[in-house]
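> Can you join these two chains into the complex? Each is in its own frame, and there are hints to help.
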Amino acid sequence: MRERKKTHKTPWKIEIRKHWPLYLLCLPSLAFVLIFSYGPMAGLVMAFQDYKPWLGMTGSRWIGLENFERIFQYDEATQAIINTLIIAVIKIVVGIIVPIIMAILLNEIRLSGLKKSIQTLVYLPHFLSWVTIAGIMIDILGLDGGINRIITGWFGSEPIFFLGDPNLFRPTVIVSDLWKNFGFGMIVYLATIAGIDPSFYEASEIDGANRWQQIRHVTLPSMLPMIIVIATLSLGGILDAGFDQIFNLYNPLVYSTGDIIDTYVYRSSLLNGQYGFGTAVGLFKSGISLILIVISYRIAYKFANYKIF
Amino acid sequence: MYHKSQGYRIFSVFNHILLIVVALSCFLPLLHLLAQSFSSKAAVNGGLVSFWPVEFNTDAYVKTFNNRNFMGSMWISIMRTVLGTLIGMFVITTAGYALSKDFRGRNALMWIFVFTMLFSGGLIPSYILISELGLKDTIWALVLPGAFGAYNLILIMNFFKTIPKALEEAAFIDGASFFVIFTWIYLPLSLPGLATIGLFIMVGHWNSWFDGLLYMSTTEKYPLASFLQTVVVQNSAQNVALSPSEAAALSEQSIKAAQIFISTVPIIAVYPFLQKYFVKGIVLGAVKE
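Protein chains in written order, with the working numbering: chain A, 189 to 497; chain B, 582 to 870.
If we strip away everything but chain B, and leave its shape as in the complex, we get (with noise of 0.2 angstroms):
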C-alpha cells in the first residue's frame, strides 16, 4: 500500500505540520485580540500580550459598552441586518421560486437580472441615485440598494430546481395555486438552501462598511462596521507616519480591540450555523449538472 511507503510517511509528518500551522494562523489572530481585549493597557501598549490576557481586567469592556457611539452603532448595524435580510430574503425567494420554472420571458428577465452581476453604474452614479431619491441619512440607504443579489438568487434557484416536479403536480391537481406551493412545498422543503443565503445576506450587511461612510453624513448614524473603520483604521492610517511611541500614547489597543472583538462575536456565532450550510451552497451553485 502507497502510504506504507517511507517516502510517503515523511511526507505525511511535514503535510500534517504544514496544514494545521496554516489552520492555527487562521484563528490565531482573532485570540490575540481578545488576549489584547482582557488585557491592561500597559501591558498591551508594552508588547507584553500574545495569546492569554496579561493583568486580567474588563476595563476595555467596560468602556466600550459605556461608549454612547458604540452602542448606537451597534443598534444600527442590528437594525440594517434584520430589515436586510428579511427584505433580501423575500425579493431573492420569491423570484428564484418563479425563474426556476419555465415560463415565456423567463430567459429574458434571467438575462436582466444576471446582468446587474457583470456590470454596474459605478460608485458616483450610485451615490448621486441615492441622494436624489432621499436615501441619504436614512437606513434604507444601507438596506435597499444591496436587497437584490443575483449570486443568491442563482443559488436559491437551482436549490428550488432539485424539488421533485411530482410534488407540486400532485398539488396542482389537488388545486393548490403558484403561491400556495410556494409557501407551503418549496419553501420548507428548502431550509438549507433558505439558511444559506439568509446567512449569507445576514454576515454581508454585517460586515458591509463603506455604504455607511458613503451614505451617513455624522458618524452618529454610521453601521459599527464603519464605526470600527473611522476609530480602528482612519485614526492609525492617519498615525502611520508618527513615531511608536507617539502612536501608543495616541491609541488604546486594548479598547481598539475590544471593539473589533465584540463586532465579530455575532459572525462566530453564525459560523457554526454558516459552514453547515454554505460547503453544500457553494458547490450548488458553482458546479450544476
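Same shape as in the complex, but just chain A (with noise of 0.2 angstroms):
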C-alpha cells in the first residue's frame, strides 16, 4: 500500500486539475464534518476548566485534571461506570451469541414462506425507537401491566415490580435490548451460511456426518471469520450501556443498578449545570472506547482481514 502511494505521487497541481470535481462535491460533507463533528471536539477543553456559561471557554478558569479526579471521588459517578461496565458487557455476550444460535435455528426451516415470514417479524423492532419501545414496556411490565396479571392471576404470586426493582431492573434491560437487536445481528451471519458452498454438505454426507455434526464441522466453521469481526467490532462498545433505552426506562428507584455513564453526563452537566465535568466524563468514556476501538480494528484486520474501508 505504501509503496504503491509513493510511486503513484502525482503533484498536487495536476491532480487538482484533473480530479478538482471530486475535491469538489467532497466539500459539503467536509463541512458538515468539520462543524458539527469536530466542532464539539474542540470543546472537549472543558473537561478541564472550571466552566461557567457566562465566562464561555475563553473566560473560564483552568483547573488541569481536577474535573477527571472527581469521577473516582463521587459514588454515584464509579457506580455508573461499574452498571455500564456491566450491562455492557452482558449485553455484548448474549449479544453475539443469540444471533448467532438463531441464524443457525432458523437455517433449519425448510419452508421457505415461514422462514421469510420469521425473518420478516424478527427484525422489525430493530427499526422501532426505544421512545415506543419503553412506552409498551412501561404498561405491560407495570404492577397492574399484562405480564404482572398473567403472573398474579395465573400462579398466584406477588406481581414484579420489572422496571422499580434494583435487582430486575438490569435483566429487564439486557432482555429488551436482545428482543428489540437479536434479529438485526443475525442478518449477517444468515448471509454468510447461505454462501456456505453446498459442496462441503454434500461431501460431509457421504462421509456419513448427521446435521448436528455438519453444523459443528462445516456451518460454524465457516461462520467463524464473521463472528471474529462482529465480537471484536464490539469490544469498542464496552463503555456503551444504551442511553436511549436506559434513559426512557430507568427512574430514581434504579438508579443504583441502572443509572449508566451517559445518563449521569446528562443529569450532572444539563439539569445540575456541572458542565465541565460532564464533559470531563464524555470524554473519560469517548477516551477509553476510542483506544478499545482502535484496537479491537487491528485484531480484526490481523485475524479476520477486515478493513473499515
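Some hints could be false.
Each computed SDA-like pair below joins lysine to any residue, with the alpha-carbon atoms no more than 20 angstroms apart [as the list claims (entries may be wrong)]:
| id | chain 1 | residue 1 | chain 2 | residue 2 |
| --- | --- | --- | --- | --- |
| 1 | A | 490 | A | 413 |
| 2 | B | 861 | A | 300 |
| 3 | A | 197 | B | 683 |
| 4 | A | 303 | B | 604 |
| 5 | A | 304 | B | 861 |
| 6 | A | 368 | B | 848 |
| 7 | A | 240 | B | 715 |
| 8 | A | 368 | B | 601 |
| 9 | A | 303 | B | 606 |
Quick list of the computed label-pair ranges, beta carbon to beta carbon [stated by the list, open to error]:
| id | chain 1 | residue 1 | chain 2 | residue 2 | range |
| --- | --- | --- | --- | --- | --- |
| 10 | B | 660 | A | 344 | 50 to 56 angstroms |
| 11 | B | 659 | A | 302 | 33 to 39 angstroms |
| 12 | A | 391 | B | 628 | 54 to 60 angstroms |
| 13 | B | 853 | A | 226 | 37 to 43 angstroms |
Derived by calculation from the structure, the hints in this document are not laboratory data. We treat Cβ as the ideally placed atom computed from N, Cα and C, and that holds for glycine.
What follows is the structure, given as C-alpha cells:
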C-alpha cells in the first residue's frame, strides 16, 4: 500500500486540475463534519475547565485534571461506570451468541415462506424507537400490566416490579435489548450461511455426518471469520450501555443498578449545570472507547482481514 | 438422509415452535397496542384487552387528532424527516461518489470522515456548539448536526464501487464530466443503495427524540418522538412510585396507545421497502471483499 502511493504520487497541481470535481463533491460533507463533528471536539477543552456558561470557554478558569479526579471521588459516578460495564458486557456477550444460534436454527427451517415470515417479524423491532418500546414496556411490565396479570392470576404470586426493583432492572434491560436487536444481528450470519458452498455439505453427508455434525464441522467454522469480526468490533462498545434505552426505562428507584455513564452525564451536567465535569466524564468514556476501537480494528484486520473502508 | 432421522424430526418440531413463538413476540406487543387504542378506557384500565379491541371505539384517535400539540409535533417530525433526508442524501452521495474514486488525498479525507464514527465531542460540547450557532429552537438543530453519517457514506461508497469502471471510461471518451457521470450513470444505477441509505436516514429522523428534548426549549417545538417521550415515558417514570390505581387514574392508556401507534405507522409503512433493501445493504456494509 505504502509503496504504491509513493510511485503514483502526482503533483498537487496536476491532480487538482484533473480531479477538481471530486474534491468539490467532498466539500459539503467536509463542511458538515468540520462544523458538527470536529467543532464539538474543540469544546472538549471544557473538561479541563471550571466551565461557567456566562464566562465561556475563553473566560472560564483552567483547573487541570480536577474534573477527572472527581469522577473517582463521587460514588454516583463510579457506580455509573460499574453499571455501564456490567450492562454493556452482558449485552455484548448475549448479543453475539444469541443471533448466531438463532441464525443456525432459522437455517434449519425448510419452508421458505415460513422462514421469510419469521425473518420479516424479527427484524421489525430494530426499527422501532426506544421511546415506542419503552411506552409499551412501561404498560405491560407495570404493577397492573399484562405480564403481572398473568403472574398474579395464573401463578397466584406477588406482582413483580420489573422497572422499579434494582435487582430486576438490569435483566429487564438486557432481555429487552436482546429482543429488539437479535433479529438484526442475525442478518450477517444468515448471509454467511447462505454463502457456504453446498458441496461441503454433500461431501460431509457422503462421509456419514449427521445434521449436528454438519453444523459443528461445516456451518460454524464457515461462520467463524464473521463471528471474530463482529466480536472484536463490539469491543469498542464496552462503555456504551445504551443511552436511549436506559433513559426511557430508568427512574430514581433503580439508579443504584441502572444509572449508566451517559445518563449520569446528562443529569450532572444539563440538569445540575456541572458542564466541565459532565464533559470530563464524557471524554473519559469516549477516550477509552476510542483506544478500544483502534485495538479491536487492528485485531479484526489481523485475524479476519477486515478493513473499515 | 439426515432429516429423516427421528432425533432430527423431534428437534425440528421444537425448532419450529421456538422460532414461531419468538417471531410472534416481536409483533404481538404492537398488536396489543393497536387493540388498546381501539378499546374503551374502562376496558383498557381494567386490563381486559389483550390482542383484540374490547368495546370497540375510536375515541382515542378522535382525541389524538384533535390534540393540537400532537398534530403540531407530527408536522415538525414530517418537516425534519423530509429536510433531513434530502440534505443527508445530497451530502452523503456526493462524497460517496468522489471517495469511490482514486485521487490524491482520498485516504486522508476518508480518515477524516471515518474518525467521526470512532470519537465524538460528546453531549455538552455539542449542546454548546448548537447554542452558539444560534440553532436552538429552530428546525435546523434537528436537521443539520446529523446530516452526515460515516456509516451511510461507507455503504453508498461500496455500492458505487460495484458499478463497472468501463461505463465511466466510455462516458469520459464521449466527453462527459464527473458531474454528468455521477448524475446520469451512478445515481440511476444505484437505486437499491440509495433506497437503503435513504430509508435508514428517514427512519433515524422519524425516531430521533433526544435532540428535540435537548435543543427545543418549549414542548410546542418538539418533534413527535420527543413529544411522545414526555407524554408516555416521563409521566410514567414520575408516576412509577404511585400505587397502580392512582397511576391508572392519571393515565389514559388507550390514548397513549393510540399516540404511540400513530407514531409507528410511518415506520410500518416503509418497512416492506426497507426490508427489501437493508438486508443487502447491511451485508454490503459489513462484508467487503
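> Going through the numbered hints above, which ones does this structure break? Give me the numbers in ascending order.
none
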